[in-house]
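**Student:** In case you want the letters, here they are:
Number of protein chains: 2
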Amino acid sequence: MELFAFVNDDLVPAGQASLLVSDLSIQRGYAIFDFFKTLNHKPVFLDAHLERFFHSASRLRLEVGKSQDELGEMIGVLQRKNGIPDSGIRLELTGGYSEDGYTPPTRPNLVITQKLVKLEIAETLTRSLRLMTYEHQRQLPDVKTIDYLMAIWLFPLLREKGVDDVLYYWNGIITECPRSNFFIVTADDAVVTPARHILKGITRMKILEIAKTQFRVEERDVTVEELRTAKEAFVTSTTRNLLPVTQIDGVPIGTGEMGPVARWLNWEMYAVVSNGLL
Amino acid sequence: MELFAFVNDDLVPAGQASLLVSDLSIQRGYAIFDFFKTLNHKPVFLDAHLERFFHSASRLRLEVGKSQDELGEMIGVLQRKNGIPDSGIRLELTGGYSEDGYTPPTRPNLVITQKLVKLEIAETLTRSLRLMTYEHQRQLPDVKTIDYLMAIWLFPLLREKGVDDVLYYWNGIITECPRSNFFIVTADDAVVTPARHILKGITRMKILEIAKTQFRVEERDVTVEELRTAKEAFVTSTTRNLLPVTQIDGVPIGTGEMGPVARWLNWEMYAVVSNGLL
Numbered sequence: 001m002e003l004f005a006f007v008n009d010d011l012v013p014a015g016q017a018s019l020l021v022s023d024l025s026i027q028r029g030y031a032i033f034d035f036f037k038t039l040n041h042k043p044v045f046l047d048a049h050l051e052r053f054f055h056s057a058s059r060l061r062l063e064v065g066k067s068q069d070e071l072g073e074m075i076g077v078l079q080r081k082n083g084i085p086d087s088g089i090r091l092e093l094t095g096g097y098s099e100d101g102y103t104p105p106t107r108p109n110l111v112i113t114q115k116l117v118k119l120e121i122a123e124t125l126t127r128s129l130r131l132m133t134y135e136h137q138r139q140l141p142d143v144k145t146i147d148y149l150m151a152i153w154l155f156p157l158l159r160e161k162g163v164d165d166v167l168y169y170w171n172g173i174i175t176e177c178p179r180s181n182f183f184i185v186t187a188d189d190a191v192v193t194p195a196r197h198i199l200k201g202i203t204r205m206k207i208l209e210i211a212k213t214q215f216r217v218e219e220r221d222v223t224v225e226e227l228r229t230a231k232e233a234f235v236t237s238t239t240r241n242l243l244p245v246t247q248i249d250g251v252p253i254g255t256g257e258m259g260p261v262a263r264w265l266n267w268e269m270y271a272v273v274s275n276g277l278l
Numbered sequence: 001m002e003l004f005a006f007v008n009d010d011l012v013p014a015g016q017a018s019l020l021v022s023d024l025s026i027q028r029g030y031a032i033f034d035f036f037k038t039l040n041h042k043p044v045f046l047d048a049h050l051e052r053f054f055h056s057a058s059r060l061r062l063e064v065g066k067s068q069d070e071l072g073e074m075i076g077v078l079q080r081k082n083g084i085p086d087s088g089i090r091l092e093l094t095g096g097y098s099e100d101g102y103t104p105p106t107r108p109n110l111v112i113t114q115k116l117v118k119l120e121i122a123e124t125l126t127r128s129l130r131l132m133t134y135e136h137q138r139q140l141p142d143v144k145t146i147d148y149l150m151a152i153w154l155f156p157l158l159r160e161k162g163v164d165d166v167l168y169y170w171n172g173i174i175t176e177c178p179r180s181n182f183f184i185v186t187a188d189d190a191v192v193t194p195a196r197h198i199l200k201g202i203t204r205m206k207i208l209e210i211a212k213t214q215f216r217v218e219e220r221d222v223t224v225e226e227l228r229t230a231k232e233a234f235v236t237s238t239t240r241n242l243l244p245v246t247q248i249d250g251v252p253i254g255t256g257e258m259g260p261v262a263r264w265l266n267w268e269m270y271a272v273v274s275n276g277l278l
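Taken in sequence, the protein lines are chains E and H. Position one of the first sequence corresponds to residue 1 (the working numbering), numbered consecutively onward. Position one of the second sequence corresponds to residue 1 (the working numbering), numbered consecutively onward.
Pulled out of the complex, with its shape left as it was, chain E reads as follows:
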């Protein structure tokens, strides 16, 4: 089945969705994006994602050129055209076509694509992640830019170390994974997640809301040393929902298995998402 995509106001076959090479994303890596799921045709946490999209655009001084409602309407058009119930929808806003390949023009380019994605609770209950720490601080961390240079560059090191993903830290303070937020459960059962120099994920926000109903929750600096005494660790993201982290730098976290807090949060989150309690 041929899927469609928006390039600005044009609905085009996804396989032909393109940008001229003078676009500042291609010339200078200057663009922001956001990504959300649809479940049974229903966008998950759409308002939160659109708000963050507008925040990112504004931080890079890119004019979206549409209201949040108008974007929502375009997303609806795309969904009806493509007819995929469970999907991932990606909105990107680039620096636009630049005469000199450097100076931002006043008209960014907007690209909206949709892909088949399935959220499998079964997978998230059986899979776990091994991470390696790496010292790196993303630039403009509160902005969802397209800068994943370091993450992609690190792929071979991940393979060499036999791990699934990287966990960034800077000056001894844990921040985030390239595409997900990081949590620990401390020895005294507090659910703790980094507060600064990170991209604040929508799933992170929802997990914090759920966690607050049952646990002490702390948004604060988490040191690399604290990983040693953590009972559990997990990551959250739109794609992954919640996945337990059972090993960091070759050292098991807690029992080395998915812990009870992560399991409970994962089920609660799954219920929120799949019951349409959005």
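Source of the hints: derived by calculation from the structure; they are not laboratory data. Fair warning: this is a prediction, and the values are worked out from it, not measured in the lab. Check before you lean on any hint, since a few could be wrong.
Note that the list lumps identical chains together, so a pair holds whenever it fits in one copy or between two copies.
As the list claims (entries may be wrong) - List of simulated lysine to aspartate or glutamate pairs, EDC-like, C-alpha gap at most 20 Å:
| id | residue 1 | residue 2 |
| --- | --- | --- |
| 1 | Lys118 | Asp100 |
| 2 | Lys118 | Glu99 |
| 3 | Lys42 | Glu73 |
| 4 | Lys81 | Glu2 |
| 5 | Lys115 | Glu99 |
| 6 | Lys115 | Asp100 |
| 7 | Lys118 | Glu268 |
Here the structure of chain E is known, so what remains is to put chain H in place on it, guided by the hints.
**Tutor:** Just chain H now, kept in the frame of chain E:
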């Protein structure tokens, strides 16, 4: 006049040169490039630029898919097609079309564009730059990636401070400007330029060669404090050749005018470039 460009092996009108939005440059800012001038149809320092292009590609594990000679031939074809004597030619190699928008495929995309650019010695002898320092370290600094996020993001701050460009430093050590290398002339007439955590420019290399014939030359760490006692400062780049820096953070450098060392180097460099002593 309609110019042409290469997208992989296809010579296309530049106004139609495009990449699909699944390209990793658009999705994740993953791409490298290089840029050189032609003067009277002759590429300037072509071998040095191609060598650096291959170095950048290799550091990002991107297969150019062509030899240096084959690239040289494509550049020749493009030059003959476009017929512009004085130009800038840009080669870019992107992460290629990625199925999942994250994992690098094995086939990068190659884009070669040409633009009208004139090197005006008169301009470089009358223009000078005011800089502001800013604490930032580029990631993978020895690779000419498309990551100019910080540089473009800083535009309004430059305007606000009334300066022409930014000079990056990190932990008190000067590195480079976003698109040029930085030099000082010390009180005892040494020509000094940062050695580490920078992109080593081709013009920087040539200026060092010329400077060595007349001055003591040092490639070493330059501290922010050393700016205060410098007699001269200047930047070098393919586009700018050599431009004097007369003010940094509002403080004049030396006399606040172009100094004799910069003036001499600029003329010598201009002679090398324009006499085809390449």
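**Student:** Against this structure, judge whether each hint is valid.
**Tutor:** Here is how each hint holds up against the structure:
no. : hint               : result
1   : Lys118 with Asp100 : between (42 Å within a copy, 14 Å between copies)
2   : Lys118 with Glu99  : between (41 Å within a copy, 16 Å between copies)
3   : Lys42 with Glu73   : within (13 Å within a copy, 53 Å between copies)
4   : Lys81 with Glu2    : within (10 Å within a copy, 37 Å between copies)
5   : Lys115 with Glu99  : between (32 Å within a copy, 10 Å between copies)
6   : Lys115 with Asp100 : between (33 Å within a copy, 9 Å between copies)
7   : Lys118 with Glu268 : within (18 Å within a copy, 63 Å between copies)
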